[in-house]
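All chains, full assembly: derive it from the sequences and hints.
Just so you know, the sequences run in chain order H and E.
Using the numbering used here, you'd call the opening residue of the first sequence number 4 and step up by one each time.
Using the numbering used here, you'd call the opening residue of the second sequence number 4 and step up by one each time.
By construction, these hints were calculated from the structure, which means they are not laboratory data.
Some hints here could point you the wrong way.
In this list, chains with the same sequence are indistinguishable; a pair is considered to hold if it fits within one copy or across any two.
[To be verified] Derived lysine-lysine pairs resembling DSS-like cross-links, with alpha carbons at most 25 Å apart:
(1) Lys53 x Lys282
(2) Lys231 x Lys53
(3) Lys170 x Lys306
(4) Lys53 x Lys324
(5) Lys212 x Lys324
(6) Lys306 x Lys204
(7) Lys6 x Lys170
(8) Lys53 x Lys148
(9) Lys326 x Lys170
(10) Lys231 x Lys34
Take a look at the letters that make up each chain.
Number of protein chains: 2
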Amino acid sequence: MYKAAVLVSPEEITIEERQEPRLDPNEVLIKVKFAGVCGTDIALFSGEYKVPLPLVLGHEFSGEVVEVGSTLEKELIGKRVVAEINNSCLSYRNKDLCRFCERGLSNHCARRTVVGIVSYDGAFSELVRVPVGSVHVLPPEISLKEAVFVEPLAAAIQTFELVPVNKDDKVAVLGVGRLGTLISAVANSLGARVIAISRSKQKLERAKKFGASEVINSSLEDSVQKLKDITNGVGADIVVEATGTAEGLSAALELVRPRGTIALKTTCGLVSPSVNFTKAVVDEIRVQGSRCGPFDRAIERLKSGTIPVGSLISDSYPLEKVKDAIVAANSASKVLIDLENQV
Amino acid sequence: MYKAAVLVSPEEITIEERQEPRLDPNEVLIKVKFAGVCGTDIALFSGEYKVPLPLVLGHEFSGEVVEVGSTLEKELIGKRVVAEINNSCLSYRNKDLCRFCERGLSNHCARRTVVGIVSYDGAFSELVRVPVGSVHVLPPEISLKEAVFVEPLAAAIQTFELVPVNKDDKVAVLGVGRLGTLISAVANSLGARVIAISRSKQKLERAKKFGASEVINSSLEDSVQKLKDITNGVGADIVVEATGTAEGLSAALELVRPRGTIALKTTCGLVSPSVNFTKAVVDEIRVQGSRCGPFDRAIERLKSGTIPVGSLISDSYPLEKVKDAIVAANSASKVLIDLENQV
Numbered sequence: 004m005y006k007a008a009v010l011v012s013p014e015e016i017t018i019e020e021r022q023e024p025r026l027d028p029n030e031v032l033i034k035v036k037f038a039g040v041c042g043t044d045i046a047l048f049s050g051e052y053k054v055p056l057p058l059v060l061g062h063e064f065s066g067e068v069v070e071v072g073s074t075l076e077k078e079l080i081g082k083r084v085v086a087e088i089n090n091s092c093l094s095y096r097n098k099d100l101c102r103f104c105e106r107g108l109s110n111h112c113a114r115r116t117v118v119g120i121v122s123y124d125g126a127f128s129e130l131v132r133v134p135v136g137s138v139h140v141l142p143p144e145i146s147l148k149e150a151v152f153v154e155p156l157a158a159a160i161q162t163f164e165l166v167p168v169n170k171d172d173k174v175a176v177l178g179v180g181r182l183g184t185l186i187s188a189v190a191n192s193l194g195a196r197v198i199a200i201s202r203s204k205q206k207l208e209r210a211k212k213f214g215a216s217e218v219i220n221s222s223l224e225d226s227v228q229k230l231k232d233i234t235n236g237v238g239a240d241i242v243v244e245a246t247g248t249a250e251g252l253s254a255a256l257e258l259v260r261p262r263g264t265i266a267l268k269t270t271c272g273l274v275s276p277s278v279n280f281t282k283a284v285v286d287e288i289r290v291q292g293s294r295c296g297p298f299d300r301a302i303e304r305l306k307s308g309t310i311p312v313g314s315l316i317s318d319s320y321p322l323e324k325v326k327d328a329i330v331a332a333n334s335a336s337k338v339l340i341d342l343e344n345q346v
Numbered sequence: 004m005y006k007a008a009v010l011v012s013p014e015e016i017t018i019e020e021r022q023e024p025r026l027d028p029n030e031v032l033i034k035v036k037f038a039g040v041c042g043t044d045i046a047l048f049s050g051e052y053k054v055p056l057p058l059v060l061g062h063e064f065s066g067e068v069v070e071v072g073s074t075l076e077k078e079l080i081g082k083r084v085v086a087e088i089n090n091s092c093l094s095y096r097n098k099d100l101c102r103f104c105e106r107g108l109s110n111h112c113a114r115r116t117v118v119g120i121v122s123y124d125g126a127f128s129e130l131v132r133v134p135v136g137s138v139h140v141l142p143p144e145i146s147l148k149e150a151v152f153v154e155p156l157a158a159a160i161q162t163f164e165l166v167p168v169n170k171d172d173k174v175a176v177l178g179v180g181r182l183g184t185l186i187s188a189v190a191n192s193l194g195a196r197v198i199a200i201s202r203s204k205q206k207l208e209r210a211k212k213f214g215a216s217e218v219i220n221s222s223l224e225d226s227v228q229k230l231k232d233i234t235n236g237v238g239a240d241i242v243v244e245a246t247g248t249a250e251g252l253s254a255a256l257e258l259v260r261p262r263g264t265i266a267l268k269t270t271c272g273l274v275s276p277s278v279n280f281t282k283a284v285v286d287e288i289r290v291q292g293s294r295c296g297p298f299d300r301a302i303e304r305l306k307s308g309t310i311p312v313g314s315l316i317s318d319s320y321p322l323e324k325v326k327d328a329i330v331a332a333n334s335a336s337k338v339l340i341d342l343e344n345q346v
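Here it is in structure tokens:
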């Protein structure tokens, strides 16, 4: 038997005792050590982002493999690992691939479930089963706590996979919460000049440590004029919308230069109000959504130690206190669910 | 003296007698022969698309050069011409270029005015002055009536300059009015499989003649399931939003496949209601605005005679009846203001 924190309806989480699962040959079982609370978890918990419930949340996690479905994978047992969250034809090593996996777009697999988000129980749980193709073994340089950042860092890296950034591009990051901060670090490492925008002085101070070269401490509305001043009236080459709110896109449209790009990262599930797309047409603006990214490259970055992710962790909660953890994450840095230690 | 139809406030047009202008050395004066009514004119006339007034509308036009500001350009006199609508450092042949003209992005010139749209009187007028760099001499194969389509055809071509299309891509065109029909023709010529979507059977019949290989005759909402059926559940590779309404974007987000692209063409000035951008993030969708395009390529296409633009003309009005022409254009094909003939 093991414990799992189940979201049964919006804002209602119960701790369930569950039977250990029987694995299919293409699955492994992971004993969860640490799991992070993400903005998506907050939106799923509140019900703003609607998915089928009941569901065990948690898609940023690290752990240790305790069981494998096939003896072919027995060398994985005992390994410190993280796992990708899109369960696809490829991660299950199916022979019959869907039209997206066929093209290498397994994160968009037509049959996919998503760990802790779409129809697949996640890591706010003592145990989580995942397809074997999703597993990445951690190098010794990365601690299990730091490894929780592999998934969000991969998502930050993906931003600039789909929105190419040139050296010295001015990249405005709207909202420097957990994800916006990681995106600032990635943009900086790609040679961009990062301008962080937030109402929180504290978050902006942190963003500076993660690569922001300039900061604008104001509301979204007031930031428009300030950014124009910084960019000689032109606007940003790229605006990353990572506010976690529905209002960010309208501000981004004002902040970006003609022929510039807005990178959308927010998955709050809310409807954006009052967006005037005539400006996007007149200024020939590109708006590019992006989601999950390359785990191997995120692991390489964490291994290099150049992004101080440990400093993003503000607090830890035991599994029984998942609800408190999610509430705390609303106004904090990265909150962890700690299944390794008594906290 | 010459006559111009001036939009003095929304829905109020007066015919003014004006003095002939004195030209600067970098300008030419065109006697307007034909001008087309565009969706943008309709939105400007109604006040949905707000710009400084009073203004002479009209940005799709052909005519004959009757005066030049510099004897260096005297060979232009008497020539049949069209003119680009973005007045930029480059079109005025300034030596001191703004930061956009410097990069070749003169359609986004920091100092630009736009003929018939932004702070510059347009072609619903007997005479229009334009910067000499905007003028394109027409080849004899193109009639002055057909030449009215150079500007909108260039805009249609621009769609796929910013949204590359691959052979056999499924391109859904949402709204096959004047512009959507031209876009269908361009997409077809680039090797795409064009699926036209409209509530009007008549417009869909026309779209077939312009290159649509399939049509969906339904509301935006109902078209989603029908397009899924046509595309084996995948969705379109590219969705062109050319409805001229604020609602099209939400439908486009439902119609496009993961990692697909939405090309925005509507400049109705209205705010898009209820757009849920979480889907754009999850499905990693690109939304690309585009506006004015390359006149030289549009002229080449018209010269080839492969797009039957003449069949798009539904009616002609004299200058004094501009208001009637705009009202008629709401529910018609291309309506012309005819300054050549008594109509």
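- Which holds for Lys53 with Lys282 at a C-alpha limit of 25 Å: within a copy, between copies, both or neither? between (30 Å within a copy, 12 Å between copies)
- Give the relationship of Lys6 and Lys170 under a CA distance limit of 25 Å: within one copy only, between copies only, both, or neither. Answer is neither: 48 Å inside a copy and 52 Å across each miss the 25 Å cutoff.
- Item | Alpha-carbon proximity context of Lys53 and Lys324, limit 25 Å | Within. Shortest intra-copy distance 22 Å satisfies the 25 Å Cα cut-off; inter-copy 53 Å does not.
- Homomeric proximity label, Lys170 with Lys306: Cα distance no greater than 25 Å: Classified as within: same-chain Cα gap 24 Å, cross-chain 42 Å, threshold 25 Å.
- Message: For Lys53 and Lys148, with the copy left unspecified, which applies at a CA distance of at most 25 Å: within, between, both, or neither?
- Response: So Lys53 and Lys148 fail the 25 Å test inside a copy (29 Å) and across (54 Å) alike.
- Checking Lys212 and Lys324: alpha-carbon separation at most 25 Å within a copy, between copies, both or neither? neither (31 Å within a copy, 64 Å between copies)
- Message: With identical chains, the pair Lys326 and Lys170 could be close in the same copy or across copies; at 25 Å between alpha carbons, which is it: within, between, both, or neither?
- Response: neither (42 Å within a copy, 51 Å between copies)
- Since the copies are identical, ignore which copy is meant and state whether Lys306 and Lys204 lie within 25 Å (CA to CA) inside a copy, between copies, both or neither. neither (29 Å within a copy, 60 Å between copies)
- Item | Copy assignment of Lys231 with Lys34, given that the CA separation must stay at most 25 Å | Classified as neither; 50 Å inside a copy, 40 Å across copies.
- First find the shortest C-alpha distance between Lys231 and Lys53 inside one copy, then the shortest across copies, and answer within, between, both or neither for a cut-off of 25 Å. between (37 Å within a copy, 22 Å between copies)
Hint compliance for this structure: hints 5, 6, 7, 8, 9, 10 are broken, all remaining hints hold.
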